[in-house]
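Dock chain to chain to rebuild the complex, using the hints, since each chain is given by itself in its own frame.
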Amino acid sequence: MAAKSASLPTAGAERSSAEKQVEPIRICIAALGGEGGSVLTSWIVALATAEGWPVQSTSIPGVAQRTGATTYYIEMLPERWDRPDSPIFALTPTPGFVDIVVATELLEAGRVIEQGLVSPNRTTLLASPHRAYTIEEKSGMADERISGERILKAIEEVAARAIVIDMADLAKDARAIVSSVVFGALAAARVLPFDKAKFEAVLRSSEIAVDANLRGFEAAYGAVLGARPATTDESADHLPEPPPDRHLFPAEVEAIVRHGVERLSEYQDPAYAERYLSSVARVEDAEREIRGTDTKWSVTREAARYLALMMSYEDIIRVAALKTKRDRWEEIRSGNPQGSKDLLKVTEFLKPGIEEFASLLPPALGRRIVEGARKRGKLDAYNFGLQIRTTSVAGFMTMRLLARLRPWRPRSYRFQKEMKAIEEWLDLVVAATRIDPDFGLQVVDTARLRKGYGATHRRGAANFSAILKHVVRPAIAEDRSAADRVAEMNGIALADPEGDSLITALRA
Amino acid sequence: MAERSFAKEVKSLKKSAGEEFVGEGVLAVVKGLLQSGVSYIGGYQGAPISHAIDVLKDANDILSELGVQVEFSGNEAIAAAMMGASINYPVRGAALFKSTVGTNVASDAISNLSSAGVTGGAMFILGEDYGEGSAIMQERSYPFAMKSQVWLLDPRPNLTTIVDMIEQGFELSEASSTPVMLQLRIRACHVTGKFAAKDNRPAAGKQGKMPLAPRFDFSKVTLPPSTFAQEIDKIERRLPAAKAFIEENRLNEVFPGDLDQIGIITLGGHYNGVIRALQIQGLADMAGNSRVPIYCLNVAYPLVDKEVAAFCSGKSAVLVIEEGQPAFVEDAIGSILRRADLQTSLIGKQVFPTTGEYKGDVLLEALTRFIEGSIPERLDTAEMSQAVEGIRELKSRAAELLGKPVTRRLPAFCTGCPERPVMTALKLVERDIGKVHVSADIGCLTMSTLKPFNMGSTVLGYGLGLAASSAVSPIMEKPVVTLMGDGGFWHSGLSNGIVHQVSNGNTGVLVILKNGYSAATGHQAIPSTTSEQLGSSTRTMDIADTLKALNVQWVKTLRSYDLHSMVGNLKKAIASKAPGLKVIIADGECQLAFARRNKPLEKAKLASGKRAATARFNVDEEVCTGDHSCIRLSGCPSLTIKDSTDPLKKDPVATVVESCVGCGHCGEVAHEAILCPSFYKTEVVRNAGWMERAASRLGRWVIARSQGWT
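Sequence lines, in order, name chains A and B.
So for the first sequence, the numbering used here puts the first residue at 596; every next one is plus one.
So for the second sequence, the numbering used here puts the first residue at 599; every next one is plus one.
What the hints contain is simulated information worked out from the structure, not anything from laboratory work.
On a predicted model such as this, the values are computed, not experimentally measured, just so you know.
Ideal Cβ positions, reconstructed from N, Cα and C, are used throughout, including at glycine.
Be a bit skeptical, because a hint or two may be false.
To be verified - Partial pick of chain B residues on the chain A-facing surface, computed with a CB cut under 10 Å: (1) Val1034; (2) Arg1214; (3) Lys1240; (4) Ser1294.
Next comes chain B alone, as it looks inside the complex (with noise of 0.2 Å):
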């Protein structure tokens, strides 16, 4: 079960023609998938488009009902070899993913598809993983769109243009024979709005035209000589079939205004941001008519020159919006102007910060900056330099109250997390053999790498963390010690790490921290996922059974909160002797999932008269003294501090606030490092049975009389 259900949501996706869509983008974008007719549909979750792949799997029922076969992929280089089928058979199809991570894992098919050139209709739907909220190493999309000629779309970030663009893309695709990828930032993914809604259309395989004829052509095929000529037709017929598309069906916008002496040339997702700016200037409406002419790139790669050349031809200055770096789009376009042999002046990151997102005040003050001086003739620039000093001045008035920077509050593993524990163990085990080099992986154990761990000194990429380790091993004194979980497992960690660290006779230790789901990205289920886990049948694959048919010799598997027993089996596992890769495996599911799914369970018990017991943590701040070493070992979000009552003890105390879930590990912890008697554990027991009961009035009875109770 996903951490967000989009079971009443879905059905918003059978509304047809005449009916209006109303909801988020995540949801509109799988509407848009269906009134394209697409049959097939792959993908790999991670932020932000994680909570598609949810709307994907709530949507099943409706999706198999139009024929559409849904697969979510093992990882996204899968994804996007799904799109194989629209090489040379006219089915449209959709791969989704997060970028630049899942880009780069899907490279390889990517480059091929691209080379090879599609029938039907292929798009890519890509997470832009950049700015606030991001996850991962800031990179764009970008260059993958020009080193492979992919066509970009960049909508403006409202549900009608992303629809639009969704169902032109197709159109775009397959006029020039290309795959396309379509982007969406985080917040556009989880925008919300509403759209006229068309009929859905049913996939190919509904519309009667299947089963087709077996096809083979050479042509299509990325081996020499073929490639070659897909190089030429690339360049020669598919990027101008692409350009005159664009052209006629006007994919990108124009729209004009008065101080048409100078413009604004922004990718589609700024469009939003950059009106919003020019209203707070006086420049625009609320319904985005614009004093300054601006042209909007729904269609980021490729630029049609005839278009930019006609929009700055005239103008002694354009402004061009395109977050991120290297600017591709700012460059392209002065190669542009220069051809042209336009004098138009080129604004964009001299104005703008070279790195970092576009917010609001970015965005203001640039477009300020680049008005003032371009046409400070015209209009009353002194009001504007208010509104953008007046943010300064806001800012640093705040920062002196402040009196210094705000913490930054960061992520960390959540209450009851059963990978906190493998983390406490090996930093128990540090302490008594010495610091060991731990190689971490993408997921949630990244988290590791945060206080109060500080454990993982390489991030790599997800799955790669085992390889990642494999150079640094004949340098270490210790065996090193590599940090994956169930998702890096299934993902490319099987292969890429376990496969390769096997055939090359490695040694080290692995960890396979096995919660049961692709937990960071939202709970989306994965090979090992159990049938009880995910709530319907499922072929499971075991990870210990895996590993045994790869000839690791030395395998454990281990509870994860099983403190005691883990801190001894990593001190065995490095310190073992014996050959080859030593793998504990922590299992212990997502505590998250878990009480989502075991909620109900519990009331239908209690219900029905059944013993239930709801176990939690705390502190005896008496006994407590105030020195923390628990929440060093610990870093829980319910295990945390709060002033003395004491009015000896200036320090604070620890305390265990009621967020906690009864996972044990204060206890465990406080057992393991001999830390303090102070945790106690309290069950509130309902249902219980007479002996139970009897024994208890028992206990009360002789605690009250020794405590001179009447």
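Bound conformation, chain A alone (with noise of 0.2 Å):
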């Protein structure tokens, strides 16, 4: 074994070798689990073993680490290797010493960043910027995601070259996994000294999934060189012009305000639209007399946004006519691909109880029977669980009936309670305006707790109702701004919206 320590050569021959060696060229793959990053590591070995360079590949393939993120590392010496002895790889990846980086996802090329991989002097970063979420981000009450921009602007400050194309949606139109994209991103990217003929033929010589790789290559291939345009936003200039007579918004307000007049237009009827349209200009009219005409109108359009959502509250006529409306068959069949003989069937799951059928009844009987629930710890006891076909004509037929009841609506127990929180919020955003702004519009992100459904409404609903009554009444009463205490109070509440922080902290 210790042949080599033999053959060594002197010393001064090995300095003069060590200064004019080839470096290897250094590959460093962070992916997440099932997009296939053991294949492509292996199509880069193929690339150089087709060559007759040396190369060598390691991985952390993270099985007992499921869905979390795999890394693999590849090494390989661009020359022909005619010694006996193999070239000395490195098993892990030095920072600031990578040639290529490849990340595929968002918060995954942060981290590459973060670690030192991605150098300025070197590396080229293969990136995307979708982002699959982690469960920190996607289990907050509200919003609770990374901001993406900053690790885009990292992305484009730190690397010496960054090619940054969404690599889970070319995969997805592709019907390709991400590993067929990131190699055909490499291809294009001319980082490796192969020309596409090589790179596709170790895909048709790999004869597994020949055709689906070669579509993902393809796609990221023309992405790279440009070919794909860019997406728009959404805007909301599609929906119709406001009536001459109506009082037209400060334009940051009247988009919102169209989509809400939309909404609840559809949502019961016009008339319950102009009753929107004068609870909204309440809120103008208090902002206007405090902060005049020169602001962002940044409390109006706020209490628009949720005054809009708080009166399309969701009950079982709303959610009926949801299920049934025309857009959602084409938007569920379009994204279930079928063929001509195919049959799609879509079935829903829906649990009503004591405080759904109620909220149809007359208030007077409505209250009592939930009071009466309430009282004896029975308003979950008798949900029953519905799975209704809405593909089979009497699926179908019972949601359309349920959603028929729409005139019946504001004559229900659940109407005439929730017209009275929103008109008691509103006063309180009037009020809390008038004093300062920032207050009322603090007031008006206190509607962002009255979410969900069943219990998690009703917690929602007790907190919303426990901050204006412990922080806002006392503050508006005392005219003084409680503006931080609101924002903190919401905190608090998005942050543990299954336990009682809130109530712990409004004791505090």
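See below:
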């Protein structure tokens, strides 16, 4: 084994060979489980092997690390090696000394940058702007998502060359695995000294899913060369112009208001939308009074948003209407590709209970039933699970009939209750805005707590009322702003939607 | 069927002298064993050695042709005990498992084996699970070798050296009558490369030596007075014999260099990283020729004092490269230097971090500091410092640009996992009755301790969850709930947990998550794996029957996806005043494994014109209010969030992505927790019969009429 030491050249010769040596090409891949990272690695190894170049790959496949991140590391020497011993390749990347870094998801790109693997002196970074959210991000009550902007900026700043394409989108559109997309991007980026034909030859000789892999490869190849058009944001311009006699809100508010009017006319009727408009106008007046017209109208804009959402609260009628809406079928059909002879079945999971039914009854009766159930702790005791197949005649007609109850809604218990809560909130918004617009904005934001269904909604609504009662009202009564305190309480309620952190905080 | 198939790759195990072997570390290990003529191999899965177990499974035909007995041991102790064959008889054998957890489990057998000594070569192949990618507590295998007097090989991480060291390791084992361990870190297990193959050597039985006459030799029995003689033999005969063999056969390598006033002593496993750091500093070339002399310890234990002293002699300083803690090698070298009265400075952990993996930048920085401190007058160290400084600057610039640390992406239950519904059920039960103490175990189920469940207050070892709860029970108001996988049940939970609880009359609730496989390690078979799941016939042992035989009175087997009955039975089990252990078997096959074996069946069904339906779930964006309670009760990777296309909704809404396998858990959660009406299931039915087609047509017609379609 120690034969190597006998064959060592003299020190001087060794030094000169060290100086003019060819450096290996170092490639690090940060992927997520299920994206085909190991296949991609084997393709890259095959490229080098076909060229007769020495190559080594290693990985942390993460068998026991389900659905976490996986890393692969490859080194190849860009020349033939004729000596009997093999070149010495490293098994781990050294920060600052990696030539190509692939990150198949934005947060992973952030992570490789954080580790120092992306160097402005030498690294080409192939990254994707799409997100696979972590559990921390997606389990929040509101919006806990990490801002991708900083990472995107860091990508541009740190990499010697950055190639950012939406790998997940390309793979989805091409019905291919992400690894084939990365392989195509590598080919197009020309960071490895092989032409396109050699990349394709590797995919062909693998003999597995060749067509799909070539589709993914080609899509990314085109995307890197700029063949793919950028997607545009949705705007609100498609909505009908307001009638000439309608009061026009400032531009910042108007877009939201138009969506609100559209929503509420569909939800109930045009008269209901009128009611919405006059409510928004009350906030507008209050904000103008204190801020004048030279403002961004943040209070009115957000109030218009949450007012529309609260006024279109989700009851059985609303859910039934949404579930039988025409565009819904089109969407479901396009989301589930089928052959001409295939059938598509849709099953809804509903579990209405006492509250849902009582909410449709006349106020006095509905209240009596709900209060009775609450006192006995039986609010969630009589829910019954329904699986309604809305693609069947009976299932569809049932939902349709429920949706037809719309004219009855204003006479229902829930409607009366919601309107009362909204009026109270609106009065407080107006009063708070007159004291301090920031205070008003925070009171508006409290509406964010009223969401979900069943117990989630009940807890959210209770938190909403508690903040209004214990923080907002006393402040207004004393004519002082409580903007910070309300913001803090909103944050606490959102951070712990299932617990009683808010109650504890309010007592403190 | 295991997660990863080596069916194609195992063909290379047949290569003979004159051919070149190309492949991955785990495959080369098995080839090395075959070239050494082993008679038996036992093993237990666990990263990073799992894939070696898969290789053995897929190479069954080749191995039986050579007469090698392969056993997929029930746990690591069983694999190690198999080596009893090598105590009295001239047969070689190997046991493979992950370390240090597997070594812990096996340590009774290891101690007895090493005390008795071996006649035939015996080798443990240890997957050293340390550093990035590790799933266990951070410890080293090294002290096992020291305390039991087992020789520890740590080869340079290239296939030639790994295979050489396996072959030489067996010779060493026989020359010193001592079992040896060969440790491989995770990347070495998966490193690709090539080596010149040799012929496989048939197992002893195939060489015409069998059957052997039964042998009794009391000196090989670990019972006093033999044990005292064995201790003396270990120290006075076996250890010197091993050192002599290591020295004569030059198992450790010396690579000279012109900067010979200093030197590097590295464990074999770190060699490539050391060379890379030297390459970056212009002190080595791609072939590994280094200007700094290197003494590479392919044998990490025992050290050969003479070799160490000879290498250090005349040097002003040596750097010891040894990952992890405590620094056994560094301390041993210190004592060798002292005894030899050498004044060489010993540098080690003062330039390295005491804990954690020695990655590229760690090695580069430590090596640079060592060189700066020892020979600055002969080298331009300013440029070297620049390389280290450059990495620092790069990282701090990155941190500044990113603003805050990037959130770690932690593992979670896979899409469709049958264990998720159990955790959801437990969370819902806690919502009703208040918190309970949950004792977790090893396996996929340990993910229960992470978000969104955060359940399972302790993890004490594989199959030990139940035992770990026994002293908690008396100090709790409510019964303790223990989670155990079917893998853990058979590994040791049966005897260490259930037998213990029953015989002590302990109460409590145990949920056995029966997914059919040792799933976390890549779907290796366990005793309760059925023939259908395995794809070949097997003697399946039933968990419920086993519990009955153990006199457990309260046993309920539930479909794990049936959330309603899971919640109900968990409540019942917790509320029950009946004496004894209450066991719920949550029965649901691992969906990854199921999908893999079901895919070809579905294809065939479709091709033959039989009805087939594909289900998946989705969320009605307009109905979803964006409160994410469904995610907090599920954590499914396929259930995530997206921007709402509704301009009025600011918060993201829930969505189900393509990877959904249609397990139905979302719907069950929505029902059981009374969440919302947003979830719906779509089924695409292929090859439907005429009645089903007619009904569907009628439905479409009615819907179209009612919506005013033409």
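- [ ] Report holds or violated for the interface hint on Ser1294 (chain B), using the least CB-CB distance to chain A and a cut-off of 10 Å.
- [x] 5 Å, holds
Task: Interface restraint verdict for Lys1240 (chain B) against chain A (beta-carbon cut-off 10 Å) - done: Given a least distance of 9 Å, the restraint on Lys1240 (chain B) holds.
- [ ] Would you check whether Val1034 (chain B) satisfies its interface hint, that is, whether its CB is within less than 10 Å of any CB in chain A?
- [x] Check failed: Cβ of Val1034 (chain B) comes no nearer than 16 Å to chain A, outside 10 Å.
Task: Interface hint status, Arg1214 (chain B) versus chain A (Cβ within 10 Å) - done: 8 Å, holds
In this structure, only the earlier hint numbered 1 is contradicted, and the remaining ones agree with it.
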